[in-house]
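*Asks:* Starting from the known structure of chain A, arrange chain B on it as the hints suggest.
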Amino acid sequence: MGLQSYIEQRKADKSLLVMAHVVCGYPSFEANLAELEIMAAAGVDLVELQFPFSEPSADGPLFVRANELSLRNGTTVDDCFEFMAKVSARFPFKVLMMGYYNTVFKMGEERFLERLKAAGGVGYILPDLPIEEAGSLHARSAELGLEPIILMTPTNSDARLAELAAVAKGFIYVVARKGVTGSKTQMGDDVADLVARCRRHTDLPLGVGFGISDRSDMDYLRGHADLAIVGTAALRAWEQGGAEQLTEFFSELLAG
Amino acid sequence: MDLFDFSTGREGYYGQYGGTFLPEILQATVSELLDCFRQCKSDPTFWAEFVQLMQNYSGRPTPITHLANLSAHLGGAQIYVKREDLNHTGAHKINNVIGQGLLCKRLGKTRVIAETGAGQHGFATATMAAKFGFDCTIYMGAVDVARQRPNVFWMENMGAEVVAVQDGQKTLKDAINEAMRDWVTNMADTHYVLGTACGPHPFPEMVSWFQSIVGQEARAQMLEQTGRLPDRVYACVGGGSNAMGIFQGFFDDDVELIGCEAGGHGAGSSLHAARLAYNDASVGIAQGFKTYFLQNEQGNMNETHSIAAGLDYIGINPILAYLWEQEKVRFLAATDDEVREALKLTMRTEGLIPALETTHAFAKAIEEAPTMGRDEIILINQSGRGDKDIFTVAEALDDYKWKEFIQQKARQYGQEQQ
Chain A
1 MGLQSYIEQR
11 KADKSLLVMA
21 HVVCGYPSFE
31 ANLAELEIMA
41 AAGVDLVELQ
51 FPFSEPSADG
61 PLFVRANELS
71 LRNGTTVDDC
81 FEFMAKVSAR
91 FPFKVLMMGY
101 YNTVFKMGEE
111 RFLERLKAAG
121 GVGYILPDLP
131 IEEAGSLHAR
141 SAELGLEPII
151 LMTPTNSDAR
161 LAELAAVAKG
171 FIYVVARKGV
181 TGSKTQMGDD
191 VADLVARCRR
201 HTDLPLGVGF
211 GISDRSDMDY
221 LRGHADLAIV
231 GTAALRAWEQ
241 GGAEQLTEFF
251 SELLAG
Chain B
257 MDLFDFSTGR
267 EGYYGQYGGT
277 FLPEILQATV
287 SELLDCFRQC
297 KSDPTFWAEF
307 VQLMQNYSGR
317 PTPITHLANL
327 SAHLGGAQIY
337 VKREDLNHTG
347 AHKINNVIGQ
357 GLLCKRLGKT
367 RVIAETGAGQ
377 HGFATATMAA
387 KFGFDCTIYM
397 GAVDVARQRP
407 NVFWMENMGA
417 EVVAVQDGQK
427 TLKDAINEAM
437 RDWVTNMADT
447 HYVLGTACGP
457 HPFPEMVSWF
467 QSIVGQEARA
477 QMLEQTGRLP
487 DRVYACVGGG
497 SNAMGIFQGF
507 FDDDVELIGC
517 EAGGHGAGSS
527 LHAARLAYND
537 ASVGIAQGFK
547 TYFLQNEQGN
557 MNETHSIAAG
567 LDYIGINPIL
577 AYLWEQEKVR
587 FLAATDDEVR
597 EALKLTMRTE
607 GLIPALETTH
617 AFAKAIEEAP
627 TMGRDEIILI
637 NQSGRGDKDI
647 FTVAEALDDY
657 KWKEFIQQKA
667 RQYGQEQQ
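Respectively, the protein sequence lines represent chains A and B. Counting from 1, position 192 in the first sequence corresponds to residue 192 in my numbering; the numbering is continuous, with no gaps. Counting from 1, position 418 in the second sequence corresponds to residue 674 in my numbering; the numbering is continuous, with no gaps.
With the rest of the complex left out, here is chain A (with noise of 0.2 Å):
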C-alpha cells in the first residue's frame, strides 16, 4: 500500500495525521526507542528518521546540533539502517528516511534505494536534493515502490507548483514558512492560502510542517491539511524533561 491510500485510510478515524521526527543516534539509539515508543503509544502515523550529516544546512540549532553529536557519537549510516529495520518490524506507523542527498550519493543510488527498502521504509525526504537532480533516483524509486516526498513552499510560483505536483508521490511536505526548521509558525491566513494553492496543483495529501509545536497549531491545520509534522517541538520537549515531558507534550498535541 502506498502512502497516498495509506494517509486516506488512516483518516477515516481521525481529522488530522501526525508524522514525528527523530535524529538517529541523538542523544542515543537507546533514548530514540524511547521516544518512538511514546510516539506509537500517542498514536503518531509517520516517523522520519534523520540520518545526520555534518553539513545540516537547512535544519534549525537544534537539530544542528542533534546531528552534530549524534555523529560526535559515532553513528554510521549502516547503525541507521540497522535501527530502522528494528523499528519498522516493532512499531505500527510507517517510516521515512529523511537526510541529505550527499549520504544517498556516496552510497549509490541503487544500494540506498534497496538498504532503504529492506529495512521497511517507505520513502524518504531529501531536502537539498532539487527535483532537476533527482530523475535518476525517482526513477529507480518506483521500481522499488518507494515515495520520494517533496516539498513545497511559500516562494514557490504556480508555475513551479506544478513542475513539483507531476513528479510527488506519497503525500506533499508543505513548508508552512521561510526559515530552517525549529522557531515558531503563525499559524494563520499565509498557511491556509499556501495549503489552498498547493491543493489546486495535487490530489495528494497535504502534510504541513515547520514550527508545528503545539494544540492549537493542530486545531488550525485540522481541516486544511491532512497531516500535521511535528520535528524540533518535540526533541525540544526530549531534551527538556525526557520521557515524561514527551508523553505529556503528545497527549497534550492530540487531545480533543
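Do not take every clue at face value.
Said to hold, decoys possible - Using C-beta positions, here's what the derived DEER-type ranges look like:
hint, chain 1, residue 1, chain 2, residue 2, range
1, A, Gly-135, B, Ala-284, 18 to 24 Å
2, B, Asp-509, A, Lys-184, 56 to 62 Å
3, A, Ser-216, B, Thr-301, 51 to 57 Å
4, B, Phe-262, A, Asp-219, 46 to 52 Å
5, B, Glu-559, A, Glu-110, 55 to 61 Å
6, B, Trp-658, A, Glu-244, 53 to 59 Å
7, B, Ala-402, A, Gln-245, 33 to 39 Å
8, A, Gly-145, B, Gln-472, 54 to 60 Å
9, B, His-521, A, Ala-142, 43 to 49 Å
As the list claims (entries may be wrong) - Sample of chain B residues facing chain A (criterion: CB under 10 Å; computed from the structure):
hint, residue
10, Leu-259
11, Gly-275
12, Phe-277
13, Leu-282
14, Lys-429
15, Thr-441
16, Gly-540
17, Gln-543
18, Asn-552
19, Gly-555
20, Asn-556
21, Met-557
What the hints assert, rightly or not - Derived list of chain B stretches under chain A, where covered just means 3 residues or more per stretch with a C-beta under 8 Å from a C-beta of chain A:
hint, segment
22, 283-294
23, 431-437
The set of hints was computed from the structure by calculation and includes no laboratory data. All values derive from a computational prediction rather than experimental measurement. Ideal Cβ positions, reconstructed from N, Cα and C, are used throughout, including at glycine.
*Replies:* Just chain B now, kept in the frame of chain A:
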C-alpha cells in the same frame, strides 16, 4: 575555451561538477539571481561601471612586479607577481564583492550577508555594504573570530554585524551553513554575497566572472612589460576564486596553470585542505554543489587544517575540479612549513608580504623556479597581503618579540580596567 557556454551541456555544470543543490525554498531566489546575472553579463554598461568603480575605489589596475632579487637568488625562471594585494582591503576579494554589490542594487535588495573564514571576504563585504548603504551581517566561525580579531574589529566599525557561528568545526564551512540559514529566511530583501567560486550555480560562474578582471589585466600587462606570455602561472586555491580570476586570462594560451592547495602537515597527515593535490578527497554533494570534498566514506565532511584560514575549506571550485580532470590545471600542495620559509624568503629578498594564503603559491613557484631556465617566466597571483595578518603571521613565525609586546599590551589593558 568558453566554460560558461551551457548550450550543449547541463546548465551550471563543468563536466560532472557544479550544479545547484539547494532547498526548494531558495529555488525562486536563485532563479531570480541567475536571470539578473545573465542580464548583467550581457550588458556592457554593467562591466564598464564595474571596471570604473574598481579603478576609482580599489586602485585598479593593480600592477605586475618583477621580483628580480628573488629570481636571481633562486637562479632559474624570472618571477613576476600580479599585485592583487594592492587592492583596497588588501586582497582580490574586493573584485567579487563590488561586482555582487552592483548586482545586488539591480536585484533591488537592501541587505547583504556573507560568510568569512580569515575575515578577508567579510571585511570586503562590510566595506562594500558601507559604501552602497546596505545592511550587512557577516557569519564567521567562532574559532575564526577568535583568531582574526583585527578583521572583526574593522567589520564591526564599518557597521556590519558579525555573528560568531558555534556549530560544527566553527570555521568557514559552518559559517556558510549559517549564512544559508539566514538566506532561506530573509531572501526577500537579502542577497547572499558568497565569497568564493564555490556553492550552487550561478555562484562559481558569477564569482569567476568578476575575478576575470585579474587575468585580463595580467595577460595584457605581461605582454606589455615582458613582450611575451608567462610559461607558468601559480595561484593558491582555497575555494578557488583568485586562481579562476588569473587563470581565465590564459586559458587559450600555451601557459601552464598551477593551483596550490593547503598541504597543512603534509600528505597522509589528514591535517590539510588539499582536495586535488593529495589523494584524500572524493566526489560528493554539499553546500549546494557537487565537487571534490574532503569527506569520509559515509559522506560526512572531515576536519581540515591550514596555516592559512582562507584555504581551510573542505571543497574545491567545480570549474577547477573539471580543469584538473582535463589536465588543464596542475595541482600541488604547500605544507605549513614550506609556507613559513617561503614567506620569510619573500620578505627578506623583495620586501613584499604576501598573505599566508598567497604564500602557498609562492612556495611552489620558489620550489620549481630553479628547475626552469633563466629565460622562462613565472607569474604568481599575489592574491592578498600579509601585513593585515600580523597576529597570525607573527604566531606562524613564532616571533618572541611580538609575543612580549602582546603580553605587555595585555598587562596595560588589564591595569586600565582596574
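*Asks:* Now look at each hint and say whether the structure bears it out.
*Replies:* Hint by hint, here is what the structure shows:
In this structure the hint that Gly-135 of chain A and Ala-284 of chain B lie 18 to 24 Å apart at CB holds, the actual value being about 21 Å. A hinted range of 56 to 62 Å holds for the C-beta pair Asp-509 of chain B and Lys-184 of chain A, which are about 58 Å apart. Taken as a hint, the range 51 to 57 Å holds for the pair Ser-216 of chain A and Thr-301 of chain B, whose Cβ atoms sit roughly 54 Å apart. Separated by about 49 Å at the C-beta atoms, Phe-262 of chain B and Asp-219 of chain A satisfy the suggested range of 46 to 52 Å.
For Glu-559 of chain B paired with Glu-110 of chain A, a C-beta distance near 30 Å fails the hint of 55 to 61 Å. Taking the beta carbon of each, Trp-658 of chain B and Glu-244 of chain A are about 56 Å apart, inside 53 to 59 Å as hinted. At roughly 36 Å, the beta-carbon separation of Ala-402 of chain B and Gln-245 of chain A lies within the given 33 to 39 Å, and the hint holds. Evaluation of the 54 to 60 Å hint for Gly-145 of chain A and Gln-472 of chain B yields a pass: the beta carbon distance comes to about 55 Å.
A C-beta distance of roughly 48 Å is found between His-521 of chain B and Ala-142 of chain A, which places it inside the suggested range of 43 to 49 Å. For Leu-259 of chain B, the interface hint is violated, since its Cβ never comes within 10 Å of a Cβ in chain A; the closest pair sits about 20 Å apart. At about 6 Å, the closest approach between the beta carbon of Gly-275 of chain B and any beta carbon in chain A falls short of 10 Å, and the interface hint on this residue holds. Given hint, Phe-277 of chain B at the interface with chain A, holds; its Cβ is 5 Å from that chain's nearest Cβ, closer than 10 Å.
Here the hint on Leu-282 of chain B is kept, as its CB sits about 8 Å from the closest CB of chain A, short of 10 Å. Below 10 Å, beta-carbon pairs count as interface contacts, and Lys-429 of chain B has one with chain A at about 7 Å; its hint therefore holds. Given the 10 Å rule on beta carbons, the hint for Thr-441 of chain B holds: about 4 Å separates it from the nearest Cβ of chain A. Annotation: interface hint on Gly-540 of chain B holds; nearest CB of chain A at approximately 5 Å, less than 10 Å.
Given the 10 Å rule on beta carbons, the hint for Gln-543 of chain B holds: about 6 Å separates it from the nearest Cβ of chain A. At a threshold of 10 Å, the smallest CB-CB gap from Asn-552 of chain B to chain A is about 9 Å, leaving the interface hint in force. Interface restraint check for Gly-555 of chain B: the shortest CB-CB distance to chain A comes to about 4 Å, inside 10 Å, so the restraint holds. Because the smallest distance between the Cβ of Asn-556 of chain B and any Cβ of chain A comes to about 4 Å, under 10 Å, the interface hint for this residue holds.
Taken as an interface hint, Met-557 of chain B checks out: its beta carbon lies about 4 Å from the nearest beta carbon of chain A, inside 10 Å. Taking a C-beta to C-beta cut-off of 8 Å, the segment 283-294 of chain B contributes 3 residues in contact with chain A, enough for the three needed, and the coverage statement holds. Under a criterion of three residues with beta carbons nearer than 8 Å to beta carbons of chain A, the stated coverage of the segment 431-437 of chain B is upheld, 4 such residues being counted.
When held up to the earlier numbered hints, the structure conflicts with 5, 10 and fits the remainder.
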